[in-house]
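Chains as they are written, first to last, in our numbering: chain A, 1 to 149; chain B, 1001 to 1367.
No lab work stands behind these hints, which were simulated from the structure alone.
Idealized CB from N, CA, C, for every residue including glycine.
Among the hints, a few may not be true.
Incomplete in silico selection of chain A near chain B, CB under 10 Å [to be verified]:
hint	residue
1	Phe-16
2	Ser-19
3	Val-24
4	Ile-121
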Amino acid sequence: MSKTGHKVEVLTYGKFPESVSGVVINVVTQSLLIPIKLGVFIYKFFMSSLRQDLIIINNGPTTEFPSLFLYPFIGGKSIFVLSDEKATLGLKGVRKLTNSFLTKRLRTLEVNTDMYRKPEIHPFKNNILTEETFNRNWSQHQKEILNYA
Amino acid sequence: MPKPTAVTWGEYINQNLPSITNLLNGESITLNNDQPHIKGERFLMQALTTLGGKKIILIGHSQKDNRPVVIKVATDTDGANEIKHERLCRDSLNKMDFAYDQYFYPKELLFKETKKFTIIVNEFIDQTGQFIDRDIETQFELILNALNNQAQAQATTAKHLKSVIRTFGSRNSSDYINLHKSFVETCHKLLPDSKIQETLQESHKLLEASKVKIDRYGYFLTHTDFVPHNFRIKDGVLYYLDSSSFRFANKHEGWARLLNFMTLYNRKLERLLIEYVENNYAVEERESLQLMRIHRLGEIITYYVNTLKNSSGDLLTLNSLRVDFWHEVLKAELKNQRVSQRIVDEYIYQRDQLRSVEEKQRQVGLH
């Protein structure tokens, strides 16, 4: 998206993220205790939401809980992207409730991440996904997101 | 502590082997007549950065079903602790709730502690061929899968770290820098007039200036001694023989150890793996890999510098040659280049001239 002129900001958990050209990456230290980590994430998420026109939330417990908390402020300009299959497997209790609340209330987009993986350059295998297909898939995905928005 | 020499090692083996043989007979295990892992340069081997106790590796077979087995015996506290640590790591490998993949290792057949010995007997994984004799495509696939498999486990949260660090241990940028500093100091003490010190000081400075680059890929599960003699392959499955070398550390430490090894044994695989990282991963990953290679080269140089005082004759000449060879590899790696094939070929030629008959026997089928 940054390649097509959008100002992109990423909020994620980690410590020293890899750089992505044209993208501002905001991190919340992953090793913090859960309540502190979530508190810091909620604060950074809220501040970032004030600067952005569109928020793309990737599923997973540590993004879903802050999104639920900030729903009254961000609900109108958010898209909930279900891209992490592992994070949805075996959901129960509060996590399941949070996930189903967001799925019902936010514009939700289910994506198959295999389509958006960078083509692997392998010395002994032909790429199943070419660079051209990869770029086309991302371009379509971007249109889909912007249409949703 | 007495200096380890071939003579003292031989005496040590002669003193202990009859008791070990009797003990194992009582457990229906017979030792093979030929024991390659106690020969040659084995007496010099002392781990530099791990527990490094005294251990005897033996091969034998079960009297019940004639199944081949591998026996590790420790006679001192450090060796016993290393065996116990290895068991603990092995048992914990597939219990990490944040790891997505499974890790394989030989089945334990016996663990026994007596007043004098700590013994572990594992099944021998029979592989159809040596790793380095397989075709390059198979080697590449096996290594890439194994390294990716290790990287599936990353301790990212405080809870993860708490649950695994006590078992496996961890290493961050400060640990690497401090270790590297100890390499500089050792070489300064043992080889005061050598150019190696300057190179190690340069690598130390580089590591100090690259803390973030190292910690960016921190707390991944990595096998810090990931070389062919520490794994075996059966039916396409890779079995780790030395679980005590697993650690939560920089993701590329295992890569680095393997690539440094392949500088000598398979340069094509070394090149393909580096190209794979350059083509598929972020620039930062490649930088981290280079830093880890540099760190591990410092370690291997220090290892051989340490052996000089316990070597004599051809072995002293050979170990001096090894110090110089790895120094050349380090100098090239500091420039992010590979050492020339001419230097590798010359070293291999001279090494093969200087290796003892026993060491040559020990090396057969090792990789």
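Interface hint compliance - A:Ile-121 to chain B, C-beta minimum distance less than 10 Å: 4 Å, holds
Next item in the hint list is A:Val-24. Is there a CB on chain B closer than 10 Å to its CB? 17 Å, violated
Report holds or violated for the interface hint on A:Phe-16, using the least CB-CB distance to chain B and a cut-off of 10 Å. At 4 Å from the nearest chain B Cβ, A:Phe-16 passes the 10 Å test, so the hint holds.
Interface hint check: A:Ser-19, Cβ to nearest Cβ on chain B, cutoff 10 Å. Holds or violated? Cβ of A:Ser-19 sits 7 Å from chain B, so the hint holds.
Hint compliance for this structure: hint 3 alone is broken.
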